[in-house]
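Since the structure of chain W is already known, use the hints to place chain Z on it.
Spelled out from the first residue to the last, the chains are:
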Amino acid sequence: GESVGLHLPTLSVQEGDNSIINCAYSNSASDYFIWYKQESGKGPQFIIDIRSNMDKRQGQRVTVLLNKTVKHLSLQIAATQPGDSAVYFCAENTSDKLIFGTGTRLQVFP
Amino acid sequence: GAGVSQSPSNKVTEKGKDVELRCDPISGHTALYWYRQSLGQGLEFLIYFQGNSAPDKSGLPSDRFSAERTGGSVSTLTIQRTQQEDSAVYLCASSLGGTASNEKLFFGSGTQLSVL
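Chains as they are written, first to last, in the numbering used here: chain W, 1 to 110; chain Z, 1 to 116.
Some hints here could point you the wrong way.
Here are the simulated DSS-like pairs of lysine-lysine, each with C-alpha atoms no more than 27 Å apart in a straight line [said to hold, decoys possible]:
hint	chain 1	residue 1	chain 2	residue 2
1	W	LYS68	Z	LYS15
2	W	LYS56	W	LYS71
3	W	LYS71	Z	LYS104
None of these hints come from the bench; they were simulated from the model.
None of the values given here were measured: they were computed from a predicted structure.
Bound-form chain W, shown alone:
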């Protein structure tokens, strides 16, 4: 079946460094992708989205890159801060519902 997966289950970075979280998707028909951040005990929080007619989108300190050729999505966080520590999920739209990956835990150390 269709799936969304992540390459790294845990990512540790030093405060101030840039973080890159990767995601692979398998449904070539997906046209909408979202990154969510989930802190402990909370629901997922929207970070940034991108449509399939784009290959890059920037937000505040975050950038999402979409490579449709290899069906790859990445989230880049600039100048990572302790408050960025959380689990990050990518999600793709398929059949009018969002399918989520397993998640990557981002740990920021001083």
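Below, chain Z without anything else, positioned relative to chain W:
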């Protein structure tokens, strides 16, 4: 309220009991979603409402699971004869009026269900 509200935040029940989980979406949001998140896992789609109707129930794990939505607002997820494998966080999300292909979903904090 300002966000999606779910109640209770925590529910402990005995195996075999029925439970009801409630979701209040953001005012004016017509689309509502239920997801389940097991410990350390991603989000598993359960069901989606557009208004009061459910175009997609494909994610409901068994016939012990059902959901309804009334007045285009509040939704209730019911689990009958709970089993230990039902233990998880049940998350509700809403969006303004389109489908998941058009709009971002706003999530509540979830209900942590523990079946003993």
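Tested hints:
1. LYS68(W) - LYS15(Z): violated (46 Å)
2. LYS56(W) - LYS71(W): holds (14 Å)
3. LYS71(W) - LYS104(Z): holds (21 Å)
When the structure is compared with the earlier hints, a violation turns up for hint 1 alone.
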